[in-house]
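Residues per chain, in single letters:
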Amino acid sequence: MTVVLEKQKARRGFWAQLVRLPRAWVGGAMVGVMLFAAVFAPLVTPKDPLQQFMEGLSPTGTPLAPGGNFPLGTDHLGRDLLTRLVYGARVSLFISIAANLTAAVFGTVVGMFAGYYGGAVDTLLMRFTDILLAYPAVLLALGLGSVLRPSIPVIILILMVITWPILARLVRSQTLSMRERQFIESARAAGATGPYIIFRHILPHTLTVTVVYFTLNVASSVLIEAALSFLGVGVPLPTASWGNMILEGQSRYRIAPWMILFPTLAILVTTLGFNLLGDAIRDALDPRTSLRLK
Amino acid sequence: MTAYLVRRLIGAVGVVFGVATLTFVMVFMMPGDAARMYAGPRAPEATVQRIREIWGLDQPLPVQYVRYIGRALQGDLGNSTRDNRPVLTVVVERLPATIQLALAGLFVELIIGVPLGILAALRPGSWVDQLATVISLIGISIPSFALGLVALYVFGFLIPIFPLGGYGTPLHLVLPALTLGIGGTAFYARVLRNNLLEVMGEDFIRTANAKGLSARAVLLRHTLRNALLPTVTLAALDLALLLGGTVVIEAVFGWPGVGLQAFQAIRNQDTPLIMGTVLFASVSVVGINLLVDLLYAALDPRVRLGGGGRS
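Residue numbers (this note's numbering), protein chains in the order written: chain S, 49 to 342; chain C, -14 to 296.
Simulated from the structure, these hints should not be mistaken for lab results. Keep in mind that the hints are not guaranteed to be accurate.
[Unchecked claim] Coverage of chain C stretches by chain S, computed from C-beta distances (three or more under 8 Å per stretch; other residues unrestricted):
id, segment
1, 116 to 127
2, 253 to 265
[Said to hold, decoys possible] The calculated label-pair distances, taken between Cβ atoms and stated as ranges, are:
id, chain 1, residue 1, chain 2, residue 2, range
3, C, V(-2), S, L125, 51 to 57 Å
4, S, A240, C, L(-6), 37 to 43 Å
5, C, T(-13), S, F176, 25 to 31 Å
6, C, L(-6), S, F88, 53 to 59 Å
7, C, P47, S, F88, 52 to 58 Å
8, C, L88, S, R197, 35 to 41 Å
9, S, W63, C, T(-13), 51 to 57 Å
10, C, R252, S, R229, 51 to 57 Å
11, C, R27, S, F88, 48 to 54 Å
12, C, G(-1), S, R227, 24 to 30 Å
Where a beta carbon is used, it is the ideal one built from N, C-alpha and C, also for glycine.
Start from the sequences, fold in the hints, and give me the full structure.
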């Protein structure tokens, strides 16, 4: 009974802490707007992201500046930039969130088992993550992207591959410090099995690390996805993704700077939102913990 | 110290070996036929077969693997399928430009980040501190390639101060270096700020204050010196990161380094060159990490006596 009460108190404490932080509101609003646009894209804009409008180009065939029928202007094919931006949010957010969700589950489970059991499992994990971490993330993504034919599931896989090792290590070190705690020892003495202890007793304590890492890392995944698309090994054209849009704008920034400006702002708002939110969640969960690798 | 050195060295060799293996697996997974790609679509099958034999692609996979590792150990990363030149030669040729850019980026990070971190730590919670936090969050949130394009538009086109990409004069270096470094600036500011605040709570700082040293002397002679060490480590590790991060920047600014080459190699589907670059970069990262660890152990006896080293 008291345990339940304490848990409720702790939970209420978290929300109470969170709503006191302006960062949480600002970040939450930014993420909220982007998520809303992504989920309800057809409601936000009635146009089709792939439709090339006859009136979407100037008489000389250049993209239209923002205004009138095209609030954010058009691109080099006369497509509506606002519509592409909104549908691009769908692609970018779906990819980043899916990649981080799978990485969160995988990294947390592997990290807990390695930390709890130690021995060969642990050594194997550490050596394997050593190898993955030795690759500069963008380069590893580039290598994988050029090897596998880029498609949305492949990009999710690539982002997941470069995401989970760091989380696994964070969770592992958290588990290591938990393993010797008294309540774990009591559970063991009471006859609880390893998996039971891991999921019942250790998981709730490592969840903090996972949640914070997830929130912050969605931001960096959005950036890497954009970079991959920009380098031509990301979301295949003509699907609208923010990185693709910047790629298409790259050679035309002198005549149509809005083609790179608006996707850049969209990325900035999204990543900044997730970073602010992640930062706030970290502080609200525990002012003392800070995410540090090692 | 020797034991520590040996242990770290063995670890590093293991990682390099793993990296080479994983890279081999990726090369093997590559779609398409490298020999056909090199010979061209109209080449007769006999020619393609001959190329496969020369490259050893007709051998069983384990044999190919052993050969690949053996050659990689001798610095032979294969030949570029585009012009048939050795990958290592091509990469090393482009290396100076990338190192120059990475160092310039690091310089930008430190020259802005360190003062910002000190200012923030001197008045935690003040507007300077808040500003440093906000700048740091924006810094890590903005995609560097997009920032580069915006910088090109504003400072190369609208207000033509800097050239629109390219390589050569110091002026060419300014925009790429700023774009590369600006993201990390704030990161240093934050790390240094936290380290400074941590050191400020130590006993020896209280002693220094108590014996009547000026605030300035305490900061420069005691606090900063102790807080800077982790920052220096970070800088070395970051240099490795910057080397990877230059790919997009080089692509945006047409900076003729390893990154631009990797970008072009992707367009040309030049697998040996892509994988050679990836392998080269990863080995460099491992090497730099090892150097930093050893340097750290030499400077701080607690590291090498601690037993485990880095976890």
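Each hint, compared with the structure:
By the rule of at least three residues with a Cβ nearer than 8 Å to a Cβ of chain S, the coverage given for the segment 116 to 127 of chain C holds, with 5 such residues. Here's how the segment 253 to 265 of chain C fares: 6 of its residues keep a CB closer than 8 Å to some CB of chain S, so the rule of at least three is met and the hint holds. The hinted range of 51 to 57 Å is satisfied by V(-2) (chain C) and L125 (chain S), whose Cβ atoms lie roughly 52 Å apart. Here the CB-CB span from A240 (chain S) to L(-6) (chain C) is close to 42 Å, well matched to the stated 37 to 43 Å.
For the pair T(-13) (chain C) and F176 (chain S), the beta carbons lie near 28 Å from each other, so the given range of 25 to 31 Å is met. A hinted range of 53 to 59 Å for the beta carbons of L(-6) (chain C) and F88 (chain S) is consistent with their spacing of about 57 Å. The hinted window of 52 to 58 Å between P47 (chain C) and F88 (chain S) holds, with their beta carbons roughly 54 Å apart. At about 36 Å, the beta-carbon gap between L88 (chain C) and R197 (chain S) stays in the expected band of 35 to 41 Å.
Taking 51 to 57 Å as the suggested C-beta distance range, the pair W63 (chain S) and T(-13) (chain C) conforms, at roughly 54 Å. The supplied range of 51 to 57 Å is met by R252 (chain C) and R229 (chain S), whose beta-carbon atoms lie about 54 Å from each other. For the hinted restraint 48 to 54 Å between R27 (chain C) and F88 (chain S), the CB-CB distance of approximately 51 Å keeps it satisfied. Under the hint 24 to 30 Å, the C-beta atoms of G(-1) (chain C) and R227 (chain S), about 26 Å apart, fit the expected range.
When each numbered hint is compared with the structure, no violation occurs for any of them.
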